[in-house]
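Chains as they are written, first to last, in the working numbering: chain A, 2 to 344; chain B, 1489 to 1699.
Computed cross-link-like contacts, SDA-like style, restricted to lysine to any residue with a CA-CA straight-line distance of at most 25 Å: (1) Lys1666/B / Asn7/A; (2) Lys1674/B / Gln302/A; (3) Lys311/A / Gly107/A; (4) Lys1666/B / His315/A; (5) Lys20/A / Gln1518/B; (6) Lys291/A / Tyr211/A; (7) Lys1690/B / Leu128/A; (8) Lys273/A / Phe190/A; (9) Lys1622/B / Glu23/A; (10) Lys1674/B / Asp303/A; (11) Lys186/A / Glu279/A; (12) Lys311/A / Val1684/B; (13) Lys142/A / Lys1690/B; (14) Lys134/A / Gly171/A; (15) Lys273/A / Lys291/A; (16) Lys98/A / Ala337/A; (17) Lys311/A / Ser1661/B; (18) Lys98/A / Arg1689/B; (19) Lys31/A / Ser54/A; (20) Lys311/A / Lys1680/B.
For the record, the hints were derived by calculation from the structure and aren't laboratory data.
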Amino acid sequence: MKRFLNTLFVMTQKSYLRKEGETVVVRVDKSTKLRVPLLTLQGIVCFGNVGVSPFFLGSAAQNGVSISFVSNYGKFMARVQGPIAGNVLLRRQQYRKADIEIESAGVTRYLLSGKIANCRTVLQRALRDHADKLQTGRLEKAVDLFGRGLSRIAEETSLENLRGIEGEMGKVYFGVFNELITVQKQDFFFNERSRRPPMDRVNALLSFVYTLLYHDMRSALECVGLDPAVGFLHRDRPGRLSLALDLMEEMRPFFADRLVLSLINLKQITGKQFTFHESGAVMMDEAARKTLLAAYQKRKQDVITHPFVKEDMHIGILFHTQALLMARFIRGDIEAYPPFIWR
Amino acid sequence: MYTEDDLISLSALQHFVFCPRQCALIHVEQMWSENAYTAEGRLMHEKRVHGKGSELRDGVRTVFGMHIRSLLLGVAGIADAVEFHPNGSVFPVEYKRGRPKEKNMDEIQLCAQAICLEEMLHISIPEGALFYGKKKRRKQVSFDNILRGMTEKAASDTIAMLAAGKTPPPVMSTKCGKCSLHDDCKPELFSKRLDVNRYLRKMLVDEKEDA
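Next up, chain B with everything else stripped away, as it sits in the complex (with noise of 0.2 Å):
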């Protein structure tokens, strides 16, 4: 059980399962960069989140920007929107520009809303939506044991990470080209044996004792 004070952003959560340094490197170290992708889904969320307070169509009422969180799981943050059908039962959705990404990242940022919420609200919520791109494709979420387990992990990692104040070497894959941080962690740098003292050496010889 966490303290308010002790509760992580989900979009931390989130950074964490895309690349703990890329988290690290946001949450720790406090430098955040934009780039074309990251400046569109912030803008996409803000005029969602700050725009209308909830909507209501076929008798669901869509609620965008709650405030939600978990201190079981130690998560705060903001759910783009959550429906309450009729039914009694409640949805929560996320809108992603782009597509599906690897490691369940975005279903795990639903199952941490999912959470808050059911600690919140006081039910049991089995599953939610992701919609990815303009068209919308909607792709069914369902919060089982297994992706609670990940959520749960991912949760407690981040948490350790940040409370520890280090920030992970860096690991180059594909994912790195996408990454609006690439020029602050510098992977391709940092990921090699570094000399500084060979590098200094080197280039503090004389032109002319080499010829």
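For reference, chain A alone in the conformation it holds in the complex (with noise of 0.2 Å):
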């Protein structure tokens, strides 16, 4: 029964998970500071040196709980698996639909749509709730670029135009993304997208965000038996959770970027929180993560009402149904993927 699933994140140095009974507790320095039941968990994410028993490792991946250990940072390091990795029917259905390219072109189109018509949303409240803090001609420029580019995606069969057309729309959005900050202009600034490492604080907030997404999307996919590494629209690559990565697609405008938006436009992070390092590399200090990891969590539990199922749930949930509509639509019980669309 998944009416909320709570991701726990531990961050204090040294903590030790134990499991007792049906619950995980945390213990620092011998002592209990966290017990939570098992039930309410989709995943737990250990960040730096915390340690974790056997014991507790099977039981969790028994009950489903993916546990990652990620660096301080939040640079991935390693994940758990059980003994019964997914649903092997499903996932041979999965490659069988990923090798054939009009196949992947097909589900490609309908994850694309999705993130276009969510980063065209972001824009428009955007236009409807700032006005008179915006440049609104770029922005309403670019609403119209990605109503153009929906319509290019929904014709479009092959692959390798349908990323040249995500790469376009992704400009158009980044293009303009710097005008959704209204707020600490001189230290949060954009002008385009760095990751490896991220050169500015606007970008280091991002990367962090999307990493938390991306841990969540891959728990959420082997929750319903995917195989996360292998995708549609993302091809293969060692290392690198695909599929994770498709679905997180039309979850960073809506979720992801908004967070972030609103902690800057919202001063809940400033830019003193930030270490810049001499290769100019860009890192948030532990104060910033953790006030960002408090609100990923709460914005977590925002209800929405999901368009397709029509059913009001938990943002937390969204991502698992999201995955479940994939494996539903792998298994043809749908003849498509629908994304979720926010308005």
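The task is to assemble the complex, starting from two chains supplied on their own in separate frames and drawing on the hints.
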């Protein structure tokens, strides 16, 4: 029963996770800091030096609770897999579909439609809510370009061309992203996306949130039995979970980007909370990471009405719902993948 | 006659009788979700099965957690409790939370256990009992030809469904409310005719165009 599934983020260094009955206990310095029923968890992310009992690993795996180990900055290190790795019948069908270009292109059309539609809504909302603070002309032009992009996507059958359209749309979106930052503009400005490493504060924030989203999408996919490594839009690359990236696309504008923008615009994160390295790389300090994590968790508790499933659900369940819809599409219960479109 | 590789679990049989789709979601799609009911049931079962091996009371020896199987029926599993009486009779017993269920679910599970025991012990078992709830309300179960026939059909239907590897579509009923796989099954959604393309067309219409 998945009424709401939490992800437990463990950041306290030298904590130790242990199983006690049906709960997971976080111990620091031999005292119990937190006790959470395993049934309420979808995943656990351990940052840095966090230990886990092997018996607990087994129990978590059996209960479908995914465990990841990341560095203090959120860089992925390792994950734990239980004895049953997904639904083998479903995965066969997934691999077969991904092998056929025309089928991959088909799924990609739906994934990209979701992403571009949600990018468009982000701009439309900004125009609606903050017109006085923005350069409306540039945003309106972008909205129009997204509309045309959506029409082109609907007709396109070549995977390469679809990726081309996605690239163009990405440039349009990130070309006006800076307009959406209305406060603290000396410290927070955006020119272009830089990930390896992030070269400014906004990119540092985006990268961190995308890492959290990536983990949540991975958990959701594993939960429904799919292989997160084999995608349709994103092709195979060792070490990269392509399907997790695929399913993240529609969530980036609606969830991740808006979270970062609100943290900046509401001054919940300030320019001082970052470290600049000699190379130009920018990293968030611990206070900023904690603030962002807490805001991420809180935002996942927001309730939305899913326009396809026609149910109210927490955003935390939305990720799982999309993974489930992808699985059901691959199994043949629905004729296409319905992306989550935010309006 | 089935081989050991082909045997399905007794719990799969029980799930199938409750709802074939639930059985497929668990055993074909490998999904499992707990809710309060299933967690309670599992803990009750684990306590009994992993606790004492057997007990002796009034001359009756009750063995807990016996591994049993029937190659004829095609099932294997664990019996909650089996009573061995001084007169030589063997009596399978199941403890259940809650109340008796519809469609003879529990009776079929018990009968399947009896068929396994008959095969393994080379004896005849005419009856068993189900105990419900905390008060252990006893319900006598007679393994007559009708129940045996139902059990054999349920077992072969389950085996066929699992072998085909297909999950049947949902049929909404009052049972759905208590099913722990409700959110994975989504019967309300998947029992309808779904049109993704229409959904997309509707959602992608630019809001401005509506004005």
